[in-house]
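*Asks:* Here is what each chain is made of, one letter per residue.
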Amino acid sequence: MSNPVGLALTILALPLLASVLAYLMRGTARTARLAHLPLVVGCGTAAALALYLLTTMLDGTAERVSEPVAWFAAGKLRAHFTVTVDALAAIMLGMVTFIATLIAIFSSGYMKGDAGFARFFAVMSLFVFCMCGLVLANNLLLLVAFWEGVGLCSYLLVGYYFDKPSAAAAARKAFLVTRLGDVGLILGVFVIWHACLPGMSPDVPFNPLNLSELFGYVVRHPEIHSQVGLGCFLLFCGAVGKSAQFPLYVWLPDAMEGPTPVSALIHAATMVTAGVYLLARCAPLFAVAPGVQIAVAWIGGVTALLAAFIALAQTDLKRILAYSTVSQLGFMFLALGTSGAISPAFAVGAAMFHLFTHAFFKALLFLSAGSVMHAMGGVIDVRQFGGLRRVLPVTHVAFLCGALALAGFPLLSGFWSKDLILESLTEASESGSPYTAGYFALFLVACLTALLTAFYTFRAYFLTFWGPERIPHEAGHHAHESPTSMTLPLLVLAAGALAVGIVLQPFTHWFTDLLETTPSLAIARGPTPARVVAHHLNWVLIGVSTVLALGGIGLAFALYRNGGADKAPAGLDAVFAASRNKLWVDELYHAVFVKPAEVLAFLARVFDGFLDGLARLISSAPRALGAWARPIQNGLVQFYALSMALGVAVFLTFVVFRISR
Amino acid sequence: MTLFALTKTQEAGGSVALAAVLAAVGVFLLLPRPRGRFVPGGIAALIAAAAVLGAWLCTTFGNPLPDAIGSALFWFFSAGALVFGTVLVVQRNPARGAIAFAFVVLSTCGLFLLLAAPFLMAATIIIYAGAIIVTFLFVLMLSQAEGPSDENDRVREPLYGSFAGFAFVGLVLFTLYQTSQANVPAEPGQTKPDGRLPAPVLTAEERKVLADAVAKLDAPEANLDGDLGTATARAKRAEYFEEIKFAVAKVVGESRATSTDGSLRARLEKEPARDGKPAVLYRDDPQARDALDRARRVRDANFDSALDDLSGPNPEPARAKLKAQVRKLRDEVALLYGMGELPADNVRNLGLVLYSEHLLAIELAGTLLLVAVIGAIAVAHRKQDKGAAK
Amino acid sequence: MTITLWHFLAVAAALFGIGLVGFLTRRNLITMFLCAEMMLQGVAINFVAFARYHANLHGQVFVLFILAVAACEAGIALALFLNLYRRRRSLDTSDWQELRETGVPAATDDDPLPRPPADPMPVLTPAGARPAPTAEEAARV
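Protein chains in written order, with our numbering: chain C, 1 to 661; chain G, 1 to 390; chain A, 1 to 141.
Don't read these hints as lab results, they were simulated from the structure. Be aware that a few hints might be false.
Said to hold, decoys possible - Covered stretches of chain A, going by a simulated chain G footprint (3 or more residues, C-beta under 8 Å):
no.	region
1	11 to 21
2	45 to 54
3	59 to 65
4	68 to 82
5	108 to 115
6	129 to 137
Stated by the list, open to error - If the Cβ cut is set under 8 Å, some of the chain G residues that face chain A in the computed set are:
no.	residue
7	Ala98
8	Leu106
9	Leu115
10	Val139
11	Asn223
12	Asp290
In this text, a Cβ means the ideal position worked out from N, Cα and C, and glycines have one as well.
With the sequences and hints as input, model every part of the structure.
*Replies:* Set out below in structure tokens:
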């Protein structure tokens, strides 16, 4: 069992097995009630195995690539089923399975009694399988397949309440908007493949779709870097769609229509980070395209600021968290964008560390919100409840931990990871890169975003748990703390959110040390002389971010400690109105994209109607002929015999007179 | 007439005179007078005169009667078939129609007889006129409706139906005309098959020889089962077979090239077949060719008797071979004999052909009959309603 | 004048045609069947005539098979007729036209049949059976 590839494949297989089992358990009501067990057990086992896998990674050995198994081949295009196990994948794998196990335990309490209980867990297991496959894939096409797989699961789970029109619409929107990015992803794969075609020959077993072979080839051949740059940009488009970056972020807030555990697992902790992971995985490719790097950074920065701004005045608790997710993802892209200026390993480390801590505290926040929602009878609007800290003590503590971590309160996990990103930005602005001014601007953007983050996070916190106690009438008279199956994961995650940052990174550097054993990051560093950053504590930065976090929290406390969600600071009414209306981005998209499409669809429908009429006209001719000839079949045997005799007579006449002529 | 050993002239004169005298006596007796007119005697005398004259005419100038009788019978039977067929079609009462159909079948059987198929005549009468018609009359009696009814008093599409049927007949008749001798332009140097039903190929003498041969081969003397160990017994048997073989060879010729052609070939072949070209015949009809073909087969079967083999220590294989040869010769001779004139031994030859060349078809037909019987029982079986039975 | 093959063929064709006309027009199942048999007779004459013409027996063998098949046909047809008659109390083929195209009206006979004169004979009770009492008699007893 110490073979990492075998371990990884076992981890991959367990959720698939769980999915099939859960699907089969739909059959009877008795087994359907127990459908959460396969996921909990399978995913828990997988998490334990992933932890063991991480320990095998600690010795810093090289990556392990599994034996390629041919999936399909078309001409020179060969898709292989092959997985790679390195530190990057192992960290992701551990994070995904661990969070998924906790969320599965939470869901078993949250979803109890739902009609689609077994369906929910079947799709959740399938999602975990696809996500693990996405993490492990060593072949670009395989990666695309799993990428689409997680998209499908997202669609199925967002539309879990498919009889609710808004949920169905949100599922469709999520699917279609991410699809825009996926087009870019596919094109990017083919552009990169095409760029590497000259390296393929019958006697060299080189498959440019296999990542482990691709990276070395790209680094060795500078002449294809421009093409690879284009491919990277297209890959980034896919990441923009999947990770909800500007301008394709609009689907993520709507995706909160799904059950809250889904939001926690898919739309906060794992799937939406797939874009970040893709860029981290392909860091050697991005390393050769600095122009794309700065674009990544800018997109990330704009998204982070924009989403944080929109989150300021939202009143839907889950949407606030959704925008915060978008914003934090923007942070990760910011970090990734610096890898052109500084050591890619450092940038990727910063992004991955934020991804890692974010998974803990954002999952925690979502689950806490789910717990609130559970107690409030499905109400999630912060204007309708308040002062819940005595009703929901455990949830209150958990939410507070998550909020502190997200806001970047000193010493908590979010603080350290955000600090790492800020540090990478400052290092980038001081590097020899041609984009130093841009990186400095982005640093300011990040600081502003950090301030806004602290503010809106604690706005939500104060509105929910402080002020006079208000309980909506949907909750009835039994608003109570959630069952143990739901609070236990909250506590575990809260502990993680508090401790995981300080344990892993600032003083021990365990996380980045482990991550830097990843071979692809070594390739990315390459021969180009990038600025190597030593991991040390930058006290100035720590001071700045502490001030930002405390300032944001203080502002929120001043404004919202007594409730009043619609309150806005004096003089900023217009700004808050813009925030509440999400900067009218949805309306803008509707006017610019949806309306013209509707007009086009209308014209197409008219044309289709015309064609339809034409086809009907043509088809009416044989029908008329049939109507004319149908009475011939009148059921009288003798009439048939007569027709036959007459026919024979006519035929005979023809034959006789033809012969005699 | 040969009793008095008269010459032809004397015989003719005597016959004519006898006829004249008889006629005169008859007329004398019949002439009217007040008394003593013996009418029966006169009529008898006249009939006798006519008979003597007819007999003399037939013996002297040939007999016109067989052709005339054949023609008359043909017209009679075909008219009967068509008239009764029309009656069946137009008859309102189905029972009468069934009777009319019985007459159609009888007329058809007459035609069969004219066409030298007596067995088929008998079989058709038995099966149709006997079994089928009787059964249908039975059903008709079961279902006889009183008064006018839809099925008997109405017809479906009378105009189109008649037109279709007779257009069909007209076309077939026109095709017959097109292909018959009447329409074929005569080309010089070529014999054309005409529609004449061919005369028998074999002469009476030949037929007699062949019949004798068959009889002798069937006779107990031809039996090879007995003990033939002694030379005298073998010689006797060999002599017997030689006699038959010689008689047959006189008709069909011998297989050895140097020998005679046989009376049949001598009579039919103008030029024998040579260099792959078919023989030129005096009368080129299918029957003649068929007869020559049969004759060749008889010739091939005309064995070389190997009776001496029976003297060996193990005579059984030789005996079986010999018996097979005898059997084959007998069958071939019978078939050649049967061709000459079809009514003769029709049943025997029909049976031979059926069970030699059409054995599989016979078996299939038998199976079909069995299936039909079972099917008819299954279909007609009245399903008992158990509730109603109680 | 001698009778040739063509004479027989012509008679056979005529017999076949008459049978065909009967088969196409008559509506009584049994008459139709007899007409079909008549067509078979025409065919049989053809075969026998050719057998005579070619001086072999194959034509006659064919006719034997026709006889066999006709016997089968007669048996099956009789059974079917009995079954059909039991259902509709009639041998009219026009009673059986359900297998027509939907929407096509059934073929019917427009002019009514002349009614048969009423049966003048009195109805007698069958000998040996107790007659069913009328309502009047039952009331009296």
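*Asks:* With reference to the structure, classify each hint as holding or not holding.
*Replies:* These are the hints, each one checked on the structure:
1. 11 to 21: holds (count 10)
2. 45 to 54: That given contact holds, which follows from 7 residues of the region 45 to 54 of chain A lying within Cβ reach (below 8 Å) of chain G.
3. 59 to 65: holds (count 5)
4. 68 to 82: holds (count 14)
5. 108 to 115: holds (count 4)
6. 129 to 137: violated (count 0)
7. Ala98: 6 Å, holds
8. Leu106: Interface hint status for Leu106 of chain G: violated (11 Å vs cutoff 8 Å).
9. Leu115: 4 Å, holds
10. Val139: Cβ of Val139 of chain G sits 6 Å from chain A, so the hint holds.
11. Asn223: Cβ of Asn223 of chain G sits 29 Å from chain A, so the hint is violated.
12. Asp290: 6 Å, holds
Going through the hint list in order, the structure does not satisfy hints 6, 8, 11.
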